[in-house]
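**Student:** Here is how the chains run, residue by residue.
There are 2 protein chains.
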Amino acid sequence: MSRNLCIAVSYDGTDYYGFQSQPGGQTIQDKLEEALLKLTGEAIRVTGSGRTDAGVHARSMFINFYTDSQIPVQRWALALNARLPDDIVVHSAHEVPEEFHARRNAVRKTYRYTINCSKYPDLFRRKYEFHHHAPLNIDAMREGLHYLLGEHDFSSFTSPLSTKPHHVRTIYEARLETEQRADGVPTLWEESDTLRYPGKRRGVFHLYVTGNGFLYNMVRIITGTILQVGEGKRTSRDIVEILNARDRSHAGPTAVPHGLTLWNVEYGEAFRLADHL
Amino acid sequence: MSRNLCIAVSYDGTDYYGFQSQPGGQTIQDKLEEALLKLTGEAIRVTGSGRTDAGVHARSMFINFYTDSQIPVQRWALALNARLPDDIVVHSAHEVPEEFHARRNAVRKTYRYTINCSKYPDLFRRKYEFHHHAPLNIDAMREGLHYLLGEHDFSSFTSPLSTKPHHVRTIYEARLETEQRADGVPTLWEESDTLRYPGKRRGVFHLYVTGNGFLYNMVRIITGTILQVGEGKRTSRDIVEILNARDRSHAGPTAVPHGLTLWNVEYGEAFRLADHL
Numbered sequence: 000m001s002r003n004l005c006i007a008v009s010y011d012g013t014d015y016y017g018f019q020s021q022p023g024g025q026t027i028q029d030k031l032e033e034a035l036l037k038l039t040g041e042a043i044r045v046t047g048s049g050r051t052d053a054g055v056h057a058r059s060m061f062i063n064f065y066t067d068s069q070i071p072v073q074r075w076a077l078a079l080n081a082r083l084p085d086d087i088v089v090h091s092a093h094e095v096p097e098e099f100h101a102r103r104n105a106v107r108k109t110y111r112y113t114i115n116c117s118k119y120p121d122l123f124r125r126k127y128e129f130h131h132h133a134p135l136n137i138d139a140m141r142e143g144l145h146y147l148l149g150e151h152d153f154s155s156f157t158s159p160l161s162t163k164p165h166h167v168r169t170i171y172e173a174r175l176e177t178e179q180r181a182d183g184v185p186t187l188w189e190e191s192d193t194l195r196y197p198g199k200r201r202g203v204f205h206l207y208v209t210g211n212g213f214l215y216n217m218v219r220i221i222t223g224t225i226l227q228v229g230e231g232k233r234t235s236r237d238i239v240e241i242l243n244a245r246d247r248s249h250a251g252p253t254a255v256p257h258g259l260t261l262w263n264v265e266y267g268e269a270f271r272l273a274d275h276l
Numbered sequence: 000m001s002r003n004l005c006i007a008v009s010y011d012g013t014d015y016y017g018f019q020s021q022p023g024g025q026t027i028q029d030k031l032e033e034a035l036l037k038l039t040g041e042a043i044r045v046t047g048s049g050r051t052d053a054g055v056h057a058r059s060m061f062i063n064f065y066t067d068s069q070i071p072v073q074r075w076a077l078a079l080n081a082r083l084p085d086d087i088v089v090h091s092a093h094e095v096p097e098e099f100h101a102r103r104n105a106v107r108k109t110y111r112y113t114i115n116c117s118k119y120p121d122l123f124r125r126k127y128e129f130h131h132h133a134p135l136n137i138d139a140m141r142e143g144l145h146y147l148l149g150e151h152d153f154s155s156f157t158s159p160l161s162t163k164p165h166h167v168r169t170i171y172e173a174r175l176e177t178e179q180r181a182d183g184v185p186t187l188w189e190e191s192d193t194l195r196y197p198g199k200r201r202g203v204f205h206l207y208v209t210g211n212g213f214l215y216n217m218v219r220i221i222t223g224t225i226l227q228v229g230e231g232k233r234t235s236r237d238i239v240e241i242l243n244a245r246d247r248s249h250a251g252p253t254a255v256p257h258g259l260t261l262w263n264v265e266y267g268e269a270f271r272l273a274d275h276l
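Heads up: the sequence lines are chains A and B, in that order.
All residue numbers for the first sequence refer to numbering that gives the first Met the number 0, where the first residue is 0 and numbers rise by one.
All residue numbers for the second sequence refer to numbering that gives the first Met the number 0, where the first residue is 0 and numbers rise by one.
Chain A with its partners taken away, still in its complex shape (with noise of 0.2 angstroms):
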């Protein structure tokens, strides 16, 4: 009897074209197809929890999938693992009803986008996250962000590429958390940064944004726009006239999508399943 699996997976999307499926075959979702088909014999379509753009991370996607393996259920992970490249890894997988869709049921998402504004970049870091050589004003970003939240029309946080026939959606959170790292290189002539950057901090900082659903390039478009507030370009206060304007110009650049990471997805009450899941 076929049953419906659903996989954590985290993977560095570095080396691939994003996570779904095209021609050529560099994407997540083949890699994921061709490790079940080695593992179970079977031609299977996974769904993924969303997509992910081409260059950007994920810490947790789900995936789920129907298959007549009989495999036991705590053995998916290592056996996949084993069948995967390096830079995928399946942290577990359990059995879901069968009704169960990883998009349709996911209720929320978060993202992070992490900004690296030390002097220098940290190069063991610098796939995950995007160096900004300037310090950065991060009172007036956390003010700019406040506007964002709640319910709006996110138009002019879109691509024209946006496929989607309406571009409401609702953020719960967008926080923008420091880091302590303890183990980056010390660096110098700090304090003439004070003098030339009033106002503007140094440091390592993640973006987490949590919504119940995201349009095309939108985190990253919200990252840009708020990496203005931060360098003075704008004010935060500018976050309002943008949202209303509903229209693509009127927001700031597009991020590099290498800082980018899919953090969680939560799905309701009915498939609570996991601590995780």
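If you are wondering where the hints come from, they were derived from the structure by calculation, not from laboratory data.
A few of these clues could be false.
Note: identical chains are not told apart, hence a pair may lie in one copy or across any two.
Here are the simulated lysine-lysine pairs, BS3-like style, with alpha carbons at most 27 angstroms apart [as the list claims (entries may be wrong)]:
(1) 232 - 199
(2) 30 - 232
(3) 126 - 30
(4) 199 - 37
(5) 118 - 232
(6) 126 - 199
(7) 199 - 163
(8) 163 - 126
(9) 37 - 163
(10) 37 - 118
(11) 163 - 118
(12) 118 - 199
(13) 118 - 30
All values derive from a computational prediction rather than experimental measurement.
On the provided structure of chain A, position chain B as indicated by the hints.
**Tutor:** Relative to the frame of chain A, chain B by itself:
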């Protein structure tokens, strides 16, 4: 008039054949000298605070070199970074006394070896830590490390390829620290581990070893041996027997290079020119 400059460099060793220059040019030293040539027009030879093997990383390697260039010292880091690949980053530059020598004046060196024995690898750090799939007896490892402290003949802990005339070195510190990794992916089924691996633990552990100097492969052989203690294949007390044997064949295997990072190099009071020099 020629100046002696000392520069702090970090690098990701993944794609290099180690620090020291080789025909073919794919070494850290070659890349630094190419960048110096581009910047100054001078064919400069640099002296590193030591060598690192192929695949080994550095957080703080120091190099010194002589130059006739009049570029102000505070400009060197940015100017070199613009001419270096993105897996090599210069963090600071100082003018040092004419007699300063980055290798001969180094009084203490610290290496860090990172062991991740979580159930699944952390793919965002996979190039900088060794994934050990099973839990380890951390207390036994700590006890074993204790026997390495002080002055010993480390012949058992060096490659037979060592060219050094004598193998007596002093280890000042050898400690295993637990990392609280906040951004890891939670994994399940840890309860069964407790039954299967009594006395052992999962987690991320950094082995920091500080000494007055290190022999060829020394930290990697220490790590490979102490891992056997953690696995229960040897007792911590075996470390004493291995030291006394003064024979490489008594120690454990050489741990893989990618878990190792040259963490810091310290210079004596005479050359303490900056906080981290």
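**Student:** Of the numbered hints stated earlier in the document, which are not met by this structure?
**Tutor:** Hint check: 2, 4, 7, 8, 9, 11 fail, others pass.
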